[in-house]
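Student: The residues making up each chain are set out below.
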Amino acid sequence: MFLLETRQLMKHFGGIMAVNEISLSIEKGEILGMIGPNGSGKSTFVNLLTGIYTPDKGQTIFKNQDITTLPVHRITEIGIARTFQNLRVFQNISVMTNILIGRHAQIHNSLWEVYLRPLSAWKREKAAREKALEFLELAHLTDRRDELAKNLPYGEQRLLEICRALASEPELLLLDEPCAGMNPVEMDTLAEFIQRIKASGTTIFIIEHNMRFIMAVAERIVVLNMGKKFKEGSPLEIQSDRGVQSIYLGEEEDV
Amino acid sequence: MLTEVLIVGVMVGAIYSLVTIGYSMVYGILKLMNFAHGDVYIFGTLVCYTLLAKFHLNPFLAVLAAAVSGGLLAALVELIAYRRLRAAQHRMISMITALGAAYVIQNSSELRWGNQVLSFPSLFPNQSVVFFGIQISVTHIFTLCVAVVVIVGFNLFLKYHKAGKAILCVSEDIPTSSLMGIPINRTISVVYFLGGVFGVLGGVLYSASYNAISISMGFRGTIIAFTAAVIGGIGSLGGALIGGMILGLSENLISVYVSSSYKDPITFLILISILLIRPTGILGSTESGKV
Amino acid sequence: MPKISKKSAVKFNVISHLAVIAGLAVLPFIIENPYYLGITNLILIYTILCMGLNLILGYTGLLSLGHAAFYGLGGYATAILMTRYGFSFLPALIISGLLALIFGMLLGVPTRKVRGDYFCLLTIAFGEIFRLVAQAWIPFTGGAMGIVGIPIPRIFSWTIRSETDFYYLGLILVVFTYLSLVLLTASRFGRAFVAIREDELAASVMGINTPAYKILAFSIGSFYAGLAGSYLAVYQTTITPSSFRLDESCLMIIMVIVGGMGSLLAPISGVIIMTLATEAFRSLADYRMLIIGVIMVTVLLFRPQGLFGTAAFKD
Numbered sequence: 001m002f003l004l005e006t007r008q009l010m011k012h013f014g015g016i017m018a019v020n021e022i023s024l025s026i027e028k029g030e031i032l033g034m035i036g037p038n039g040s041g042k043s044t045f046v047n048l049l050t051g052i053y054t055p056d057k058g059q060t061i062f063k064n065q066d067i068t069t070l071p072v073h074r075i076t077e078i079g080i081a082r083t084f085q086n087l088r089v090f091q092n093i094s095v096m097t098n099i100l101i102g103r104h105a106q107i108h109n110s111l112w113e114v115y116l117r118p119l120s121a122w123k124r125e126k127a128a129r130e131k132a133l134e135f136l137e138l139a140h141l142t143d144r145r146d147e148l149a150k151n152l153p154y155g156e157q158r159l160l161e162i163c164r165a166l167a168s169e170p171e172l173l174l175l176d177e178p179c180a181g182m183n184p185v186e187m188d189t190l191a192e193f194i195q196r197i198k199a200s201g202t203t204i205f206i207i208e209h210n211m212r213f214i215m216a217v218a219e220r221i222v223v224l225n226m227g228k229k230f231k232e233g234s235p236l237e238i239q240s241d242r243g244v245q246s247i248y249l250g251e252e253e254d255v
Numbered sequence: 001m002l003t004e005v006l007i008v009g010v011m012v013g014a015i016y017s018l019v020t021i022g023y024s025m026v027y028g029i030l031k032l033m034n035f036a037h038g039d040v041y042i043f044g045t046l047v048c049y050t051l052l053a054k055f056h057l058n059p060f061l062a063v064l065a066a067a068v069s070g071g072l073l074a075a076l077v078e079l080i081a082y083r084r085l086r087a088a089q090h091r092m093i094s095m096i097t098a099l100g101a102a103y104v105i106q107n108s109s110e111l112r113w114g115n116q117v118l119s120f121p122s123l124f125p126n127q128s129v130v131f132f133g134i135q136i137s138v139t140h141i142f143t144l145c146v147a148v149v150v151i152v153g154f155n156l157f158l159k160y161h162k163a164g165k166a167i168l169c170v171s172e173d174i175p176t177s178s179l180m181g182i183p184i185n186r187t188i189s190v191v192y193f194l195g196g197v198f199g200v201l202g203g204v205l206y207s208a209s210y211n212a213i214s215i216s217m218g219f220r221g222t223i224i225a226f227t228a229a230v231i232g233g234i235g236s237l238g239g240a241l242i243g244g245m246i247l248g249l250s251e252n253l254i255s256v257y258v259s260s261s262y263k264d265p266i267t268f269l270i271l272i273s274i275l276l277i278r279p280t281g282i283l284g285s286t287e288s289g290k291v
Numbered sequence: 001m002p003k004i005s006k007k008s009a010v011k012f013n014v015i016s017h018l019a020v021i022a023g024l025a026v027l028p029f030i031i032e033n034p035y036y037l038g039i040t041n042l043i044l045i046y047t048i049l050c051m052g053l054n055l056i057l058g059y060t061g062l063l064s065l066g067h068a069a070f071y072g073l074g075g076y077a078t079a080i081l082m083t084r085y086g087f088s089f090l091p092a093l094i095i096s097g098l099l100a101l102i103f104g105m106l107l108g109v110p111t112r113k114v115r116g117d118y119f120c121l122l123t124i125a126f127g128e129i130f131r132l133v134a135q136a137w138i139p140f141t142g143g144a145m146g147i148v149g150i151p152i153p154r155i156f157s158w159t160i161r162s163e164t165d166f167y168y169l170g171l172i173l174v175v176f177t178y179l180s181l182v183l184l185t186a187s188r189f190g191r192a193f194v195a196i197r198e199d200e201l202a203a204s205v206m207g208i209n210t211p212a213y214k215i216l217a218f219s220i221g222s223f224y225a226g227l228a229g230s231y232l233a234v235y236q237t238t239i240t241p242s243s244f245r246l247d248e249s250c251l252m253i254i255m256v257i258v259g260g261m262g263s264l265l266a267p268i269s270g271v272i273i274m275t276l277a278t279e280a281f282r283s284l285a286d287y288r289m290l291i292i293g294v295i296m297v298t299v300l301l302f303r304p305q306g307l308f309g310t311a312a313f314k315d
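Chains as they are written, first to last, in the working numbering: chain A, 1 to 255; chain B, 1 to 291; chain C, 1 to 315.
Worth double-checking, as some hints may not be accurate.
[Said to hold, decoys possible] Computed list of lysine to aspartate or glutamate pairs in DMTMM-like fashion (alpha-carbon distance at most 25 Å, straight line): (1) A:131 - C:199; (2) A:63 - A:169; (3) B:263 - C:248; (4) C:11 - A:146; (5) B:31 - C:247; (6) C:113 - A:56; (7) A:150 - C:248; (8) A:198 - A:5; (9) A:228 - A:5; (10) A:229 - A:219; (11) C:113 - A:77; (12) C:11 - A:125; (13) A:231 - A:219; (14) C:11 - A:219; (15) B:31 - C:199; (16) A:150 - C:199; (17) B:263 - C:247.
[As the list claims (entries may be wrong)] Have a look at the derived ranges for each label pair, beta carbon to beta carbon: (18) C:11 - B:185: 54 to 64 Å; (19) A:74 - B:277: 49 to 59 Å; (20) A:146 - C:179: 16 to 26 Å.
Read the hints as simulated data drawn from the structure, not as lab findings.
Just so you know, these numbers come straight off a predicted model, no measurement behind them.
By construction, the Cβ of each residue, glycine as well, lies at the ideal position given by its N, Cα and C atoms.
All chains should be built: construct the whole structure from the sequences, respecting the hints.
Tutor: Rendered as structure tokens:
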């Protein structure tokens, strides 16, 4: 069963076709990877899925609902969370508060309850804190909860960003180049963390540059090239595909 | 009647354009709302007033000295108050610092010159000539000429002089310009200096044609410069010209046909409507941030 | 280091709050001189104003230079309601607050499209239009002379007349402001404001409807300004447009910045320092605003997070 499906999604900036008629589907419970050389449209694609960009053409269907034109915050509310390629944790705020902000959509206190029924509002806040601790536990960040996010080492900030996304209890988690800037040890921690998230029933869509990582983690991989879907298959198929190799080799030569 | 109102409007518009150019350039490069702009040019204009009224200096020399003093003050403000904050994480910090700088300049000027309206001497002979049956004062003609010469000259400077090209380059992209060997700090100082100079020229022409100057015109000048820059599109020379003209004309038409006490509120209303309808200005392009 | 248990920390917190409130309650018996009590009342007014402004500026990261206009809206509303329509103080106070809230909401709507500096300019324009209209609309606002003879306020059987009475009224308003802001900032709303300040895009990805929250912060912050204006009207018994100039908005911003943005109580230190400084320099009237400007620039250059603020605005 499809959790999310895109139909001929298209987006161009000026004369550049960043995403050109990409149709793909993400199945419930899987880990789908997306790879492609620089500028192949991966990040634009994620921005289209999460409402940051509106596509010029095409549709996005999530849980049988058309979410193509929904605003960003609505998309989070109905169950898609994401991280950013260039790490966007709230730097000057404590780790705990970062998670609580991530849980925003799950705390159902109205303004009236905050002012007029502060006790019941406080109870929900307390429950949210306890839940937040569970997420921190998952990433082994419990001891860090009172530190400012910017004081965490880079790898832990990455984990924190994922935790923050998880705190909204999404059905689909989008990770935009989660291992950018990580060392091999941090990458292993991340891979293990992703497996634990999957085990908890969340569907995961990873965009990644690092081949070794994506091949080890993803169950199915989509390859993008020049804004188009180039190939789709299991990690083994992708690895042995000559076309995919030539895209990447071509890029190496350019470098 | 209407023709004369329009002529005065065009003259005021030309002056506003002068005041706007410097503001718009700075904003285009640093994205900094320079709240001190108006107070800098009022300072220069007051210097000119003192040189003319108290020392009876040759008008040409007086204006030149005043313009340079305004330019230096503008560059000094940038050096002391803005440069350190260029890399600040939150833009708000530099905006509030600019506000503080405006306060300091305004109140220092007030200590020297007081806050009453001073009578500014005329620069041009108080005569008028008749063109095709329309009476035009010599002051208006000269003012318009000076404004046009300065604007055209600055345009040529930007296009053909090395330092001018450096300014255009820096306003496109600071890091890249720096890689290409353009001295960023010096170029920015030049922009502030020129902004101050043009501002003072505008201030002097304005004060000379109305024979009045007061400290309180500074803040109004900042608002006018920003409004005109926003109307025309930030960082564009032609935009500054169009924006200044629109403001000058509408102000005069309103003063004459509605009431002069609604001049300022209506300027603000124009500003609000422009901000709401087309925040990037009439000539500006839409911009979008990269995620 | 021995860890303080959570329970005793809460207990300490409650005790220290009660101690501060008790101290403030007996203050008029310590300061008997009406001049000093008058300055204290001024501090209370600016505390209300700056706590509200801090919600907009320090928490949500919106630079508003129109706070004085909301202050003025409250002042004029109370003055007009009490002198012309025979309202008693309490309803006038509430209406003044709500009026400021509604105008805050209206001015907040453009934040959807107008960002950063342009928004700041919009608030300047709003503030100036408010003041110019107050000056020009003579039949309704009394023009530059303002409205005089605002009656002595009564709340039920309490007639508020002396400096001490006004001190207690101000204190009640400050406590109300503080407690309501504690409730708000400790909730998901307060966290949403901070998230918007830190990174608006990331905030929206967290499921925060950022335009709506900006409007919310702006209108709630303005509400308190309306209350402060209402208090000012009955305290001074007159209201004139010159009390609500742009300078006044700037002064409030300086107070918030000197004290420190983004923490509820930090601006109070800024209010106290700046009010006392303004009073101390009164003999140097000519240099007063100059000195304030210099303080402003110096603080921003060398300690942008303010004296007691969070690290939020540090480079």
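Student: Name the hints, by number, that the structure is in violation of.
Tutor: 7, 14 and 19
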